[in-house]
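Enquirer: Below are the chains, spelled out letter by letter.
There are 4 protein chains.
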Amino acid sequence: MLKVGIVGGTGYTGVELVRLLARHPNAQLTVLTSRTEKGQRVDQMFPSLRGVTDLVFSDNTPEQLAGCDVVFFATPHGVAMKQAASLLAQGTKIIDLAADFRLQDTAMFEQWYGMPHSEPALLKESVYGLPEVNRERIKTARIIGNPGCYPTTVQLGLLPLLKHAQMSLVIPESLIIDAKSGVSGAGRKAETSLLFSEASDNFKAYGVRGHRHHPEIVQGLAHIAAQSANGEALAEKFKGLTFMPHLVPMIRGMFSTIYIRLTEAGQAIDVQRLYDDCYKNEPFIDVMPAHSSPETRSVRGSNMLRIALHKTQPDLLTVLVVQDNLVKGAAGQAVQNMNIMFGLDETAGLMNVALLP
Amino acid sequence: MLKVGIVGGTGYTGVELVRLLARHPNAQLTVLTSRTEKGQRVDQMFPSLRGVTDLVFSDNTPEQLAGCDVVFFATPHGVAMKQAASLLAQGTKIIDLAADFRLQDTAMFEQWYGMPHSEPALLKESVYGLPEVNRERIKTARIIGNPGCYPTTVQLGLLPLLKHAQMSLVIPESLIIDAKSGVSGAGRKAETSLLFSEASDNFKAYGVRGHRHHPEIVQGLAHIAAQSANGEALAEKFKGLTFMPHLVPMIRGMFSTIYIRLTEAGQAIDVQRLYDDCYKNEPFIDVMPAHSSPETRSVRGSNMLRIALHKTQPDLLTVLVVQDNLVKGAAGQAVQNMNIMFGLDETAGLMNVALLP
Amino acid sequence: MLKVGIVGGTGYTGVELVRLLARHPNAQLTVLTSRTEKGQRVDQMFPSLRGVTDLVFSDNTPEQLAGCDVVFFATPHGVAMKQAASLLAQGTKIIDLAADFRLQDTAMFEQWYGMPHSEPALLKESVYGLPEVNRERIKTARIIGNPGCYPTTVQLGLLPLLKHAQMSLVIPESLIIDAKSGVSGAGRKAETSLLFSEASDNFKAYGVRGHRHHPEIVQGLAHIAAQSANGEALAEKFKGLTFMPHLVPMIRGMFSTIYIRLTEAGQAIDVQRLYDDCYKNEPFIDVMPAHSSPETRSVRGSNMLRIALHKTQPDLLTVLVVQDNLVKGAAGQAVQNMNIMFGLDETAGLMNVALLP
Amino acid sequence: MLKVGIVGGTGYTGVELVRLLARHPNAQLTVLTSRTEKGQRVDQMFPSLRGVTDLVFSDNTPEQLAGCDVVFFATPHGVAMKQAASLLAQGTKIIDLAADFRLQDTAMFEQWYGMPHSEPALLKESVYGLPEVNRERIKTARIIGNPGCYPTTVQLGLLPLLKHAQMSLVIPESLIIDAKSGVSGAGRKAETSLLFSEASDNFKAYGVRGHRHHPEIVQGLAHIAAQSANGEALAEKFKGLTFMPHLVPMIRGMFSTIYIRLTEAGQAIDVQRLYDDCYKNEPFIDVMPAHSSPETRSVRGSNMLRIALHKTQPDLLTVLVVQDNLVKGAAGQAVQNMNIMFGLDETAGLMNVALLP
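Each protein sequence line maps, in turn, to chains S, D, H and X.
Under the working numbering, the residue at position 333 of the first sequence is numbered 333, and the numbers go up by one with no gaps.
Under the working numbering, the residue at position 234 of the second sequence is numbered 234, and the numbers go up by one with no gaps.
Under the working numbering, the residue at position 356 of the third sequence is numbered 356, and the numbers go up by one with no gaps.
Under the working numbering, the residue at position 161 of the fourth sequence is numbered 161, and the numbers go up by one with no gaps.
Chain S extracted, bound-state conformation:
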């Protein structure tokens, strides 16, 4: 049994990690820390966990986390990098669900997150935890930067096209991502704009002046493209993409509508088949049949990500991607990374069926 700790267990990704890990066949949750709630029972804050865990929030100190094989950080940005070195020194691996180990460019990190990166060496060592792209590197990683929710949908929504970049299937600068997220994506923060009376029966765009996931999407797509023959040329052009997130009055769920122009080579190819082939062995990617209309509720509470492809014009591919922002978009993907890092069955603890209706 892996001994597992969670730093910052009072947010939505934290409680979701508990939900998944509490029933994981190979992991045992041993520590949950919260500075603000230390001493309180976890199930007092989250009554859904009554009977599931007897844990009490403890202080976030190295001593508390000693003995953990792996620690998840479900904290605000900037916490994980401060504790990483000491945890690694005691042999504990790290999976950070915040942004500390996502952006390799420290200047960009500083620009978007408003703080310097205190551990550039560890950042360099860390692996971006998107299993469908980096599975081999994850196996031996000590630190995982768990991807953002939007970037997960976009990278997995375009991966098959970009892997074949040597054929230059797409026009990268044409990329438009019209993304929609449930409210839990904003976290468990007492902000007026997230109140039921504000967010319910309403729809809006947000982050219209720039969203932190923008540079992560650019980096991720460029990284994928750059691995192929002439991908370098494409990579730079992804900076011209447009990313427009919107807020949907639902708790969980993320829907990305991705528009990208196809080159002549791209128009000639059977994209449905390309995607089918690319993902046929992936346990958590479901390429739906042609003309499908995925729904977010079809993945509610599950680690599946579903993709449907539509040619809305001869030269325009529209990719529809759905996931549960808290599972494949956060805690589920983090557990998937843990499974890979420790040589477990990649699907262990992650085979819950989506809750529908």
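Derived by calculation from the structure, the hints in this document are not laboratory data.
Incorrect hints may appear among the rest.
Any copy will do: because identical chains look the same in the list, a pair fits if it lies in one copy or spans two.
Simulated pairs of lysine-lysine, DSBU-like, Cα-Cα distance not exceeding 35 Å [said to hold, decoys possible]:
1. 38 with 280
2. 3 with 237
3. 124 with 189
4. 38 with 311
5. 124 with 93
6. 311 with 189
7. 82 with 189
8. 280 with 93
9. 163 with 38
Starting from the structure of chain S, add chains D, H and X where the hints point.
Expert: Just chains D, H and X now, kept in the frame of chain S:
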């Protein structure tokens, strides 16, 4: 044109007052105050008001409110009583939507609201603004304590029975009020429990250890009962009522299910007719036909309160009451009071049709 | 591995059974029938099941169900009783999630469900599938009448009090049940009143002239009471209860607020302790600490039922009960019954943690 | 007072017309027809109208509608064209909220609506009722084809750019419309996919293989473009646009995110100013300040349409448009057309403030 001020215009009752007063034929909104937002345009905070008002939040000082014929307080409890004397002195009438002028018993006020009452004399002068009960006194009042939302439904849901208390139609200590409110009733406060991700797709009781509207309900029912021959005897017994509020995942709307045992005299009477007669001239009370099932959405955005009666046992009357908690339960009733105080048509500015669907 | 069939797999209880059984360690789903959808893949109707099951809806014939150890009926009322005899004859056990085997009084069944009961002998043999009450009889049953959702909350909400009926703790005719259900309780039926645009942002009572669960509640409470020394006297009096169901704009979840007057004996007892003791070994009943406020979301997707007790007056006990209407209120309880009938671990396949947020 | 009739008053646009017309200062609602509900009181079907109208649904016959100055058709497609000639003959004007008089190309009408157009001559005479484009022609029209909800947002979202088409500001074939609608847009139809339990807490694309508003959008944009010097060249190219509608779990509200590439001329211009100027005299178009993020709730129940502009890339303009699909997207725009046709104040009856929260 009446000159109208609103103190504390940044909450839900404040913006609802603006919505109603902006289209009122006899009133002109001249001042909105907010300490925290002074200098900001009102329509910047509430884009629904773009094109409706050009007002800017001003500081909450006597100078700002000078010249108003009437000032509404849509503030936290305890603000109105501090400003009341100086406003009255300059000839301005006051309608308080908070609790400062609701409970006549200052000890009880202090117990439930955690502050002493600084103006017991003004409290004594003030009138409880439930038009269907106190219309005559409202006409000449200088200070109105606008009723709480739950107490409005309960008092109007039982008024016809209690007016006839000389016949002792009901057993007061049997009274159980199972009440349900939309989330806006809690106000525009950045609290975790009011977040969309917490309150949506959920149902719970709250205030299970006591709700501030409890003593107001007891006072109101006792007051109504005491006006009839042997009502005094009944009045005291209402202290034995049970009031259980619940939170519904909807923005607006309040639904009170009121259970009360009937005496033999009560069982012998035609209660449907009793209610029909009692309310036949009331512009905002709709007694629905027998066996009706009122819905909160049937009053969404309107000042109507609808009542349906059900005899679920020979000796048990179940009264179903719906209102919009922000209109008849708050801002609409406040405007109704203003209309009465200033001799206007009582329905002026309040004839909006409910928004359905 | 048990071989399991589901008749009528296109409704919400049907798809919920699939969700639970697909991950059950001791059961294998082998047949799903649907007259209207035969030939269609199950996961085409419910994309949440893509990758979970390859089953195709088959016709509802005895041949299709031959070889099943147990068949669940997730059908309209009246279907199970017609097929029961032939299934039993071939050695297949039956768990009916409709009402065919709930009401022992065939005249009452006919009155409320508008059809004669075609199998009174089988009805007599059948066992009412409320494990906390009838566990021993369920072990050897061939036919289970799975309880209705509301009756489950009421019976389990009052069981500890009634088990001790020899002490006459309660006044049965005082019982008032103010119940609230999510919309999925009405099933997957294309009815106008269940549309999103009708049911959302709305609250209403329904079934105000009588609900089919009323006689089941009376029967269940009387049955429990009658098992104790002087319970017979109480039993009859439950006919005087009031049951008022309401519709909540949420998908899943049921909340029953139960008001019952206590006798002097009842007032003298420590009810919190009574409940704690009664349920201490029950895997799916959670008696919350005194003064708790249960939320429906705390059981979303799980088989738990949570209870909180409040003395709102010295002589009035208010019992708050929450469950997921589709799990403990339907499919989960049905699987629990299956586990008991076949000597499996009662919790097998039912330990999913509630989905929160 | 205009005498007004509504054919088909049982859907959402019908009841919305009643809401608006019941308080219109210059119109009197005299007839509501419904074949299925004839004889029933309107307020029995829609309790929100209790106290608002005493009308009874009557049969849909010419006699019933005789004497009306104007008749609104809130019916399925194909009804209005059948009754148009006889109504016109008796001097009654027609505003059709269905699609009978929207598409000028009868072949296209037949292709998308599955029926031949029975009145091509009247179609030719009819005017497309988008006041901001066709105000002068509406003044003298006898038949109005009231625009579809999506086409209203797209045409008004692009009008200022296209009016200046002589400068060729945009690249028409680059146009992508990612549109989102509340559920009421689908009407009051008892369909499974519109159930609360299906549509709530969910997000999906729909109409992915083609939506009926697509040809109307193409026609509308082409029409606007063609009115300018070199607009003809642009017009044809709009056939290359992509229109992707999505369903949002909210009752009312429509949000269109419009992406269009700018030519060099377009990039050089101040688009914010262009829009401000174009709409400065329009009573129902609100061009929000630069960098604004419009919300659908800011127009809930009102006839306003709000626009915000974002340059997400130097050559990519993103236009955000919100409206209430039942008001400016249907019934409100229809009343606006009526006001224009009869020489009334264009805003009469349409100045309700949006309901927020």
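Enquirer: As a check of your reading, is residue 82 near residue 189 (CA-CA no more than 35 Å) within one copy, between copies, both or neither?
Expert: Answer is both: 22 Å inside a copy and 33 Å across each meet the 35 Å cutoff.
Enquirer: At most 35 Å between CA atoms: does that hold for residue 38 and residue 280 within a copy, between copies, both, or neither?
Expert: Cα proximity of residue 38 and residue 280: across copies only (28 Å, versus 45 Å in one copy).
Enquirer: Given a CA cutoff of 35 Å, do residue 3 and residue 237 count as a within-copy pair, a between-copy pair, both, or neither?
Expert: Neither way: residue 3 and residue 237 sit 43 Å apart in one copy and 56 Å across, limit 35 Å.
Enquirer: Regarding residue 124 and residue 189, is the shortest C-alpha distance of 35 Å or less found within a copy, between copies, in both, or in neither?
Expert: within (31 Å within a copy, 43 Å between copies)
Enquirer: Please work out whether the CA atoms of residue 38 and residue 311 approach to 35 Å or closer within one copy, between two copies, in both situations, or in neither?
Expert: Result: close only across copies, 31 Å inter versus 53 Å intra.
Enquirer: With 35 Å as the alpha-carbon cut-off, assign the pair residue 124 and residue 93 to within, between, both or neither.
Expert: Close inside one copy (15 Å), not across copies (61 Å); limit 35 Å.
Enquirer: Could you place residue 311 and residue 189 in one of the four classes (within, between, both, neither) given a Cα distance threshold of 35 Å?
Expert: between (39 Å within a copy, 30 Å between copies)
Enquirer: Reference check for the pair residue 163 and residue 38, CA-CA at most 35 Å: within, between, both, or neither?
Expert: Neither way: residue 163 and residue 38 sit 47 Å apart in one copy and 40 Å across, limit 35 Å.
Enquirer: Please work out whether the CA atoms of residue 280 and residue 93 approach to 35 Å or closer within one copy, between two copies, in both situations, or in neither?
Expert: Within one copy only: 30 Å inside, 39 Å across.
Of the numbered hints given earlier, the model fails hints 2 and 9; all others are met.
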